[in-house]
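**Student:** Chain by chain, the residues run as shown.
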Amino acid sequence: AQSVTQLGSHVSVSEGALVLLRCNYSSSVPPYLFWYVQYPNQGLQLLLKYTSAATLVKGINGFEAEFKKSETSFHLTKPSAHMSDAAEYFCAVSAPSGGYQKVTFGTGTKLQVIP
Amino acid sequence: EPEVTQTPSHQVTQMGQEVILRCVPISNHLYFYWYRQILGQKVEFLVSFYNNEISEKSEIFDDQFSVERPDGSNFTLKIRSTKLEDSAMYFCASRGDQGKQYFGPGTRLTVT
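So the protein sequences, as listed, match chains A and B. Residues 1 to 115 (the working numbering) are what the first sequence spells out, left to right. Residues 1 to 112 (the working numbering) are what the second sequence spells out, left to right.
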């Protein structure tokens, strides 16, 4: 079984401040981990993914995430928030190989960027 | 980059009607999925499909739902008799052997 827990359903940061969105995972096998972003009334866009290579993963729009096995975490960060980063962010997990690899999503974190 | 497409982008239907949501997965992919997202909630897995049969389904995917790959390109989700609570965004996804699922832009289903 696999699951993700996103801490904080809403996060507010000032423009230019550090963005930190927290995600902890649970998986019986080494996981694949993802962060998706969803803008209002739009679909899911993949920001970045961890697939057992480098533990620090760089994604689009200046975001990155670090896989920490000891903490079972995969927190998303961006050094300097931009107004255009306001959206909902979903952490997700899937099994790495074999099986049918359904993706299990977290409940999402809405990021508000304050000018 | 290849992409998954979905039609229509928005479907409005009356309660009790049948709807078919269509998806065109990436051409060389073998695994197909449907997810849904009720407004304000998280994205939930509905069903996975491989080798022309359902490989896994969630408890949401009851007898009112069915999936089909009628030809070599389309992947459809049918809801036989829609209920108000079926109103949601429905996402199709497909996967090759590389482990990454590509999601479509979604179909917003509104049941009135």
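Fair warning: there could be bad hints in the mix.
Derived DSSO-like pairs: lysine-lysine, alpha-carbon spacing no greater than 30 Å straight-line [as the list claims (entries may be wrong)]: (1) 68/A to 78/B; (2) 58/A to 42/B; (3) 110/A to 42/B; (4) 42/B to 49/A; (5) 69/A to 100/B; (6) 83/B to 69/A; (7) 57/B to 100/B; (8) 42/B to 100/B; (9) 78/B to 42/B; (10) 83/B to 42/B; (11) 68/A to 58/A; (12) 69/A to 78/B; (13) 49/A to 100/B.
These are calculated hints, taken from the structure and not from any lab test.
**Student:** Would you mind marking each hint as holding or not holding in the structure?
**Tutor:** Checked hints:
1. A distance of roughly 41 Å separates the Cα atoms of residue 68/A and residue 78/B; the hinted pair therefore is violated under the 30 Å criterion.
2. The straight-line distance between the Cα atoms of residue 58/A and residue 42/B is roughly 24 Å, inside the 30 Å bound, and the hint therefore holds.
3. The suggested pairing of residue 110/A with residue 42/B holds, with an alpha-carbon distance near 12 Å, which does not exceed 30 Å.
4. Distance restraint check for residue 42/B and residue 49/A: the Cα-Cα separation of roughly 19 Å lies within the 30 Å cut-off, and the hinted pair is therefore satisfied.
5. Between residue 69/A and residue 100/B, the direct Cα distance comes to roughly 21 Å. Compliance with the 30 Å bound is thereby established for this hinted pair.
6. With a C-alpha separation of about 42 Å, the suggested pair residue 83/B and residue 69/A falls outside the 30 Å cut-off, and the hint is violated.
7. For a cut-off of 30 Å, the pair hint linking residue 57/B to residue 100/B stands: about 19 Å separates their Cα positions.
8. Proposed proximity of residue 42/B and residue 100/B is supported: the alpha carbons are some 20 Å apart, at most 30 Å.
9. Proximity of residue 78/B to residue 42/B is assessed by CA-CA distance (about 21 Å); at most 30 Å being required, the pair is judged to hold.
10. For the proposed pair residue 83/B and residue 42/B, the alpha carbon gap of about 19 Å is at most 30 Å, so the pair holds.
11. Between residue 68/A and residue 58/A the alpha-carbon distance is near 15 Å, which keeps this suggested pair within the 30 Å criterion.
12. Simply put, residue 69/A and residue 78/B have alpha-carbon atoms about 40 Å apart, too far for the 30 Å limit, and the pair is violated.
13. Restraint check: the Cα-Cα separation between residue 49/A and residue 100/B comes to about 8 Å, which is no more than 30 Å; the hinted pair holds.
In this structure, the earlier hints numbered 1, 6 and 12 are contradicted, and the remaining ones agree with it.
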